[in-house]
Amino acid sequence: MNPSRQGFCHRIALLLWLPISLHPQTPGQQLSLSECIRRALTSHPDLLLTRAQVAAASAELTAAFGSYLPSVSLSAGYSRQLNVEGGRSINVGGQIIRLPSVEPNTYSLSLIGSYVLFDGFGREGNLQRAQAAVKSAEAQLAYTRQRIATEVIRQYTEVLKAEKLLFLRQRHYEVGKQELERVRAFVEVGRQPRSALLAQEAELARREVALLQAQQQYELAAARLRSFIGVSPTEQARFADPTIPDSLSPEEARRLRHQWGSFAALLQQALTQRQDYIAAQQRVTAISAALTSARSGYFPTLLATGGWSWANSALRDFSQLGRSFISLQLNVPLFENFRTHAQIQAAELQLQQAQAELEKLRQTVTLEVQTALLNLDALLGQLEAAFRSLQAAEDYAESLRQRYEVGTATQTEYLAAEAQRVEAATTLVTLSYDYYAALAQLRLAVGSGEP
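Take any residue in the sequence shown, note its place counting from 1, add 59, and you have its number in the numbering used here.
Please keep in mind that the hints were generated in silico from the structure rather than gathered at the bench. Hints are not guaranteed to be accurate.
[To be verified] Below, a list of computed lysine to aspartate or glutamate pairs in the DMTMM-like style, where the Cα atoms sit at most 20 Å apart:
hint: 1; residue 1: Lys236; residue 2: Glu262
hint: 2; residue 1: Lys419; residue 2: Glu407
hint: 3; residue 1: Lys236; residue 2: Glu247
hint: 4; residue 1: Lys236; residue 2: Glu260
hint: 5; residue 1: Lys236; residue 2: Glu416
hint: 6; residue 1: Lys194; residue 2: Glu119
hint: 7; residue 1: Lys194; residue 2: Asp376
hint: 8; residue 1: Lys194; residue 2: Glu416
hint: 9; residue 1: Lys236; residue 2: Glu457
hint: 10; residue 1: Lys236; residue 2: Glu472
hint: 11; residue 1: Lys194; residue 2: Asp105
hint: 12; residue 1: Lys236; residue 2: Glu267
hint: 13; residue 1: Lys236; residue 2: Asp376
[Stated by the list, open to error] Label pairs and their in silico Cβ distance ranges:
hint: 14; residue 1: Glu457; residue 2: Arg253; range: 21 to 31 Å
hint: 15; residue 1: Gln379; residue 2: Glu407; range: 51 to 61 Å
hint: 16; residue 1: Glu267; residue 2: Glu457; range: 16 to 26 Å
hint: 17; residue 1: Ala323; residue 2: Glu267; range: 45 to 55 Å
Cβ coordinates follow ideal geometry from the N, Cα and C atoms, glycine included.
Take the sequences, apply the hints, and build the full model.
This is the structure in structure tokens:
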């Protein structure tokens with residue numbers, strides 16, 4: 060970098076940093092970008108819902124695995140006859156015969172186990188479906204985390220950008236007040252006409268309006284970020300992160316851009332790493348397995364059952380009165396009212412829908428990667444142009460200021476040059492933070508991991 064360009068970069072850094080000392084810092088806890096991401100990933104409603112979906116899918120997987128295990132049930136019963144004397148007398152040919160008394164209590168106990176030996180591969184299909192559903196839910200959870208973190212980065216850079224623009228507008232306003240006092244003094248001694256004072260007052264009012272608008276934009280951006288990360292509106296907090304530079308040079312922007320490579324390579328990376336795309340692929344796998352389970356209705360099932368039962372009027376004689384048994388049951392579906400056919404058709408429809416959604420998502424991923432890359436390239440070109448524009452505006456404003464002080468330039472020319480300088484600085488600040496946000500969006504588009 061040549062000395063003149065290095066000196067200009069120093070002036071740019073001074074221009075962007077100096078207003079910080081002019082703006083009072085908001086009291087309260089300082090929240091860095093990493094802290095904001097941590098808060099959002101802890102309490103965001105989308106994450107809570109996605110975690111619940113993972114838990115539900117895990118429970119279904121446990122149930123699918125449980126179908127390979129035997130079912131065991133233990134039952135116990137007790138009953139008592141309330142009318143003990145009822146039914147003890149019978150009439151046989153006119154002769155009344157009294158029966159002996161019976162115990163009013165009846166106890167029962169049974170332990171039965173069953174195991175499905177074969178169900179037409181329904182268990183296998185259900186287990187594969189549940190495994191794919193868990194992988195899909197976990198991938199969707201990972202993508203939700205990436206999406207939320209990217210949104211935090213975008214909103215955080217919006218807050219920093221709005222704060223920096225507020226600093227610039229405040230500095231511009233403070234300089235305008237000083238210039239107003241200077242013009243007023245010149246008018247009082249007769250060096251300038253009264254119209255110059257009126258023009259400066261109008262210019263100061265315009266700068267005040269711009270300052271108030273910048274203040275509003277900052278407060279709105281901070282409020283949106285606080286709401287997104289779950290910070291109470293009454294909690295005092297300010298956003299600052301020393302790891303995020305105040306300005307971005309074109310050289311650094313080009314270096315960051317060159318790290319990403321070509322569109323073809325990024326698209327291949329996205330289709331391999333995008334967690335939402337992986338989740339969609341797993342949904343197709345899950346529905347394919349569900350189709351296997353639906354086809355199991357055409358196959359016979361074989362069930363083995365065994366157990367032990369006991370019943371008595373008293374809690375005794377378990378070994379004498381207890382019965383043990385085993386059985387095999389074969390169920391062959393000869394006609395099931397077309398239920399299996401309907402289930403297969405429904406599963407095939409769901410499979411076609413899932414495959415169509417996967418293809419639509421592939422197209423969306425392609426468009427998102429292309430859009431993110433085009434935005435980054437466009438911002439890089441705009442950033443380079445804005446850097447040159449600010450350099451020229453700085454030199455022009457300084458030249459007009461010197462000419463205005465010696466009376467060879469008009470006040471209108473001076474104010475126009477000053478406004479041009481501020482707008483150029485505003486554009487550079489805006490593009491710098493937009494470039495950081497575009498980098499985060501590109502990371503999300505290619506699925507390069509949680510920012």
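Consistency of the hints with the structure:
no. : hint                         : verdict
1   : Lys236 to Glu262             : holds, 10 Å
2   : Lys419 to Glu407             : holds, 18 Å
3   : Lys236 to Glu247             : holds, 17 Å
4   : Lys236 to Glu260             : holds, 9 Å
5   : Lys236 to Glu416             : violated, 60 Å
6   : Lys194 to Glu119             : holds, 12 Å
7   : Lys194 to Asp376             : violated, 54 Å
8   : Lys194 to Glu416             : holds, 17 Å
9   : Lys236 to Glu457             : holds, 18 Å
10  : Lys236 to Glu472             : holds, 18 Å
11  : Lys194 to Asp105             : holds, 18 Å
12  : Lys236 to Glu267             : holds, 10 Å
13  : Lys236 to Asp376             : violated, 106 Å
14  : Glu457 to Arg253: 21 to 31 Å : holds, 28 Å
15  : Gln379 to Glu407: 51 to 61 Å : holds, 58 Å
16  : Glu267 to Glu457: 16 to 26 Å : holds, 24 Å
17  : Ala323 to Glu267: 45 to 55 Å : holds, 52 Å
The structure fails to meet hints 5, 7, 13 from the earlier list, while all remaining hints are met.
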